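*Asks:* Construct all of the structure, not just a fragment, from the sequences and the given hints.
Residues per chain, in single letters:
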Amino acid sequence: MKNTGIAFYSLIFLGLSLFAFNLVFTSMTDRSIFQIHLPKELVNKPADGQIPQSQAGRCSDTGSIDRLGEASDPALRRLAEYQNVCNSLVTKTVTISVEVPLDKAMAEESAHRMADRLKEFSSFGVSPLVMVEPTKNGTFIGFNAIQAGNLDPAVRKFFSTLKSDGVTDPMMGTWVPFPEANLPYWNHVNFVPGDFSAAVNEYLGVMKSQFPGANGSILLNSATYEHENFEWTDGEYVSLVAYVSGIKPGLVDSFGIEGFPWMPPAQSGRFGVFDAREYLNSRLAIEAADKIGVRSLWFNTGTYSRKYTLDKGKTVFIDPGKRKDVLNGIISELETAEKKGYSVSINLLAEDRSNLAEATDWSYWSDPNDLSDMNRAVFVDFSVKMNELGIPFSLNDESW
Amino acid sequence: MNEYFIFFRNAAFFFATAMLVKYYVFLIIAAFYPLQEQSRRLHVRRLRRKIGRFEPYHPKVSVIIPAWNEEVGILKTVSSILWGTYEKFEIIIVNDGSTDDSDKVVHEFRENGLKDDLFAEDKIHYFFKENGGKGKALNYGIERATGEIIVTVDADSVLERDALTRLVSYFEDDRIDAAVGNVRISKSWSFVGLAQLLEYLFGFYFKRAHAVLGAEYIFGGACAAFRKKAVFDELGLFDTENKTEDIEMSMRIRFNGLHSAYAEDVICYTEGASTVHGLVSQRLRWKKGRMDTFLKYRSIFFSADWRRHNVFLSWFILPFSLLAEVQLFFEPISITFLATYSFVSGDYLSITLGALFVFVIYVVNAFFSHSKKSFWVLFLFPFTWPVFYFLVWVEYLALLKSLKMLLRGDDIEWQKWKRKGVVLN
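Line by line, the protein sequences are chains Y and H.
Per our numbering, residue 1 is the first one in the first sequence, and the count goes up by one each step.
Per our numbering, residue 1 is the first one in the second sequence, and the count goes up by one each step.
Read the hints as simulated data drawn from the structure, not as lab findings.
Treat the numbers as computed from the prediction; the structure is a model and nothing was measured.
Ideal Cβ positions, reconstructed from N, Cα and C, are used throughout, including at glycine.
Don't take every hint at face value.
Unchecked claim - To give an idea of the chain H side of the interface with chain Y (calculated C-beta under 7 Å), a few residues: (1) F5; (2) S281; (3) T340; (4) Y341; (5) Y396; (6) K401.
*Replies:* Okay, structure coming up:
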């Protein structure tokens with residue numbers, strides 16, 4: 001064989017080897033070997049003069065809610081920080097959580113606190129998206145107890161107290177009982193999907209008996225897990241219809257689907273998931289919404305900048321550029337559903353949960369005044385884009 | 001997730017799994033070779049006793065040595081046969097129009113080198129003919145051979161002293177019409193030499209497994225033996241058009257239902273390619289020859305002619321051999337893929353299984369090789385992967401080139417590299 005032949009075929013060999021290396025590397029780390037990466041600490045610091053225009057501009061043409069920073073509710077004060085970053089209104093919907101009361105005394109106490117919050121929210125024109133956690137002090141309350149109506153007296157007391165405290169239907173916003181029931185961490189035992197819909201019927205039935213104008217909703221994760229002997233790697237993107245098929249008509253006004261991008265820690269043996277079509281599957285949401293008979297979809301999602309692990313060396317970083325890509329992918333998935341005639345919105349998780357068990361920083365800044373923080377710019381750009389597209393979004397940030 | 005990634009991941013795992021299964025199956029099968037060989041020999045002895053043949057099997061052997069410009073090594077080849085333990089033989093040297101001093105070297109050897117051996121002169125028949133290729137040279141020698149057993153030995157190879165004796169003993173079994181010796185690369189401490197050394201080291205267990213299954217199908221020209229009547233008289237001489245006449249003849253023998261044996265105890269040292277260029281050209285010749293031969297005898301693949309064609313050869317060995325070529329085609333992708341995947345994911349199962357297999361082969365070679373214990377091979381273990389990757393590259397070049405030649409109908413040229421001579425291990 002001539003030297004030119006050896007060189008030519010060697011180039012093919014080398015080219016294919018590089019192709020395979022890049023394919024694996026890109027698919028598993030979401031970084032191309034041909035991309036030059038700055039050291040992590042420099043990634044968030046753009047060079048002078050490269051701060052996006054939107055950082056200094058406004059997110060929307062609507063003015064900020066006045067005196068929000070003076071509110072007594074921390075959720076409202078937190079929203080004020082977003083307004084300051086955006087120099088305008090960001091959203092009028094924020095997520096708050098409440099636990100299911102176990103007895104009437106607890107219900108009354110909890111309802112008084114909630115009533116105060118809801119009335120202050122209303123005074124600022126802010127609507128809550130209330131996540132009703134099936135827990136009490138972090139301990140799971142079995143769906144069987146809820147669906148059997150064992151907690152009805154307490155739940156009824158809760159809502160009646162809200163009513164008597166002056167909470168009106170418009171103040172209630174949207175209530176989401178028992179979110180993510182298809183995730184296994186609720187420690188379900190002998191659980192079947194019908195248990196979830198029965199419990200939702202029971203809870204929302206009581207709520208709507210007191211607040212017929214309040215909105216009820218459902219939030220399910222896009223990946224479904226076995227509830228016993230599960231592995232986090234075993235989630236499957238399967239139909240969610242089983243979880244909603246028993247929902248009584250008129251109780252639920254919208255359907256929410258949850259999904260987050262995921263970057264594997266080094267040497268985990270798993271693949272990154274960054275395609276919104278995969279982790280935030282609108283097809284599954286539409287299928288479930290159609291089953292319930294609602295046309296309103298919301299997507300509970302977000303992106304994180306850091307995910308800490310016990311081994312510091314394995315901390316996962318996602319750079320701002322990637323976060324922006326992820327958000328754009330999410331918007332594309334929303335638009336897919338919108339084109340099919342559904343109203344869509346996003347509930348954006350933006351909380352720094354570094355100190356919680358999940359050890360993940362979903363936030364977009366540590367200092368809201370740091371204009372050089374590219375993560376902050378990502379949020380601003382996202383807000384601008386959502387406003388331009390006319391897609392509403394709410395914030396999920398309870399870091400106070 | 002990237003769809004191409006998923007496709008290539010599945011393809012890589014398929015091939016890796018298929019090959020690992022094959023390798024491990026072969027490893028197990030190969031272990032039965034000594035047992036099977038003992039059993040065969042016992043059967044032959046009993047049979048001979050039964051039919052009253054008590055005299056030792058001592059047929060005349062004709063050793064054909066085709067030579068083209070082999071001045072460096074030919075005397076070592078001739079000497080290793082001449083002064084071996086077997087006595088009833090003739091050596092037929094066919095000088096295929098050499099342009100070097102091989103003619104002079106052989107003549108001087110016959111005149112001055114045989115002083116102490118009165119009978120040696122009669123055993124050596126030397127012919128000089130015009131250049132026509134190795135196949136024609138072999139046929140020239142076979143046509144003049146008077147032995148019952150024809151042994152072909154390359155002029156760059158050296159037989160161990162008792163190699164001929166052992167080789168002949170296989171033909172004591174009437175069922176065997178061809179046998180191939182255990183070819184080893186002579187020691188060379190160059191990278192190319194080391195690569196071939198390791199490759200041949202691994203090749204032995206394939207031969208063993210093939211032998212157990214009765215599916216040996218390559219009788220390399222370096223050291224092979226044939227029963228003249230059954231092979232050359234019945235099936236004809238070597239195909240002079242085929243540049244890998246030994247592969248063609250091997251397949252022809254198997255295609256016609258003749259039986260063969262792998263003679264592991266017949267050790268033959270040969271000189272490997274000494275340069276990368278030489279090695280690439282050698283592999284190109286082998287690969288192209290094998291492709292041409294497979295094409296010629298394609299009906300043996302998945303043959304239902306059970307009586308004539310060995311079922312393991314038809315349904316397992318040959319198809320896997322083709323699959324290996326397909327695998328080779330994707331090897332740059334699959335090897336890099338598996339290595340990168342293992343490194344990034346931390347899932348080292350495939351690589352560990354591969355390494356385990358390689359290590360077992362090393363251990364088997366070190367402690368159980370036929371002639372002598374070779375503990376030193378264990379020190380080569382760390383160098384296995386770069387060496388094998390180098391060989392994959394060489395084979396890959398040969399594959400692409402031979403595919404191109406096959407499509408264009410081109411033929412390969414005779415190969416010649418600069419000889420250094422065999423260094424005995």
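*Asks:* If a hint holds in the structure, say so; if it doesn't, say that too.
*Replies:* A quick look at each hint next to the structure:
no. : hint : result
1   : F5   : 4 Å, holds
2   : S281 : 6 Å, holds
3   : T340 : 4 Å, holds
4   : Y341 : 5 Å, holds
5   : Y396 : 5 Å, holds
6   : K401 : 6 Å, holds
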